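Listed below, chain by chain, are the residues.
There are 2 protein chains.
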Amino acid sequence: MIKETSSNALNKAFLLKSCRINTALDTISGRWKALILIHISEETNRFSLLKSALGGISDQTLGKCLKELERDGLLWKEIIAEVPVRVDYHLSEKGKALLPILVSLSEWSDMK
Amino acid sequence: MIKETSSNALNKAFLLKSCRINTALDTISGRWKALILIHISEETNRFSLLKSALGGISDQTLGKCLKELERDGLLWKEIIAEVPVRVDYHLSEKGKALLPILVSLSEWSDMK
Chain A
1 MIKETSSNAL NKAFLLKSCR INTALDTISG RWKALILIHI SEETNRFSLL KSALGGISDQ
61 TLGKCLKELE RDGLLWKEII AEVPVRVDYH LSEKGKALLP ILVSLSEWSD MK
Chain B
1 MIKETSSNAL NKAFLLKSCR INTALDTISG RWKALILIHI SEETNRFSLL KSALGGISDQ
61 TLGKCLKELE RDGLLWKEII AEVPVRVDYH LSEKGKALLP ILVSLSEWSD MK
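So the sequence lines, in the order shown, correspond to chains A and B.
Under UniProt numbering, residues 1 to 112 are what the first sequence spells out, in order.
Under UniProt numbering, residues 1 to 112 are what the second sequence spells out, in order.
Because the hints were derived from the structure by calculation, they are not lab data.
Please read these numbers as outputs of a predicted model, since none were measured by experiment.
Among the hints, a few may not be true.
Remember, identical chains collapse to one label, so a pair may be satisfied in a single copy or spanning two.
[Stated by the list, open to error] In silico DSS-like links for lysine-lysine, alpha-carbon gap of 25 Å or less: (1) K94 x K17; (2) K77 x K112; (3) K17 x K96; (4) K64 x K77; (5) K51 x K94; (6) K112 x K64.
Chain A extracted, bound-state conformation (with noise of 0.2 Å):
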């Protein structure tokens, strides 16, 4: 049996955490995740206004980065049954929680 020492747990606590921390690097980088979070939170929340706030994205390009944020859980679709379908999208309460966390990268990154 190996010996757990403080230094191990210690060692498994870090590597945990970075690990962590790299996937939710991975999770939202990119060019437009951060900014499809922020419109979809002030309520430009439809793949028609997404695609005129986010000027030079293309549909493809705005599908795919919707579907992943879905995936992670950041987001959920809203479907609205009218002629023609409606679908909004909105923050899961993790995608609500990163929100902080983004205004506080972006002041971090101003700093000198």
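Assemble chain B onto chain A, guided by the hints.
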């Protein structure tokens, strides 16, 4: 003269903020940079110590990461006149200010 509407001003503030977030994400993204910063904050702050701590990183990649983190103002090098010359890495104020944000990201990543 274009009239400055409050909506224009809001859009400008929004774009500036989102641009800063992407700059911040670019600065710390990648497999190693967040880990390197955490290690240096815990006094694992020489090239050889970092290389041992980050099992699997090549000399070239570690050197590149350290150069970029120095260029981006997150750490600074102390050159100690021993034989052979010793180089210690230290976090700058900006580097230190990032640590609590990385901890928040790690906790956030663990949310369901």
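* Which hint numbers does the structure go against, in order from smallest to largest? -> No hint contradicted; all consistent.
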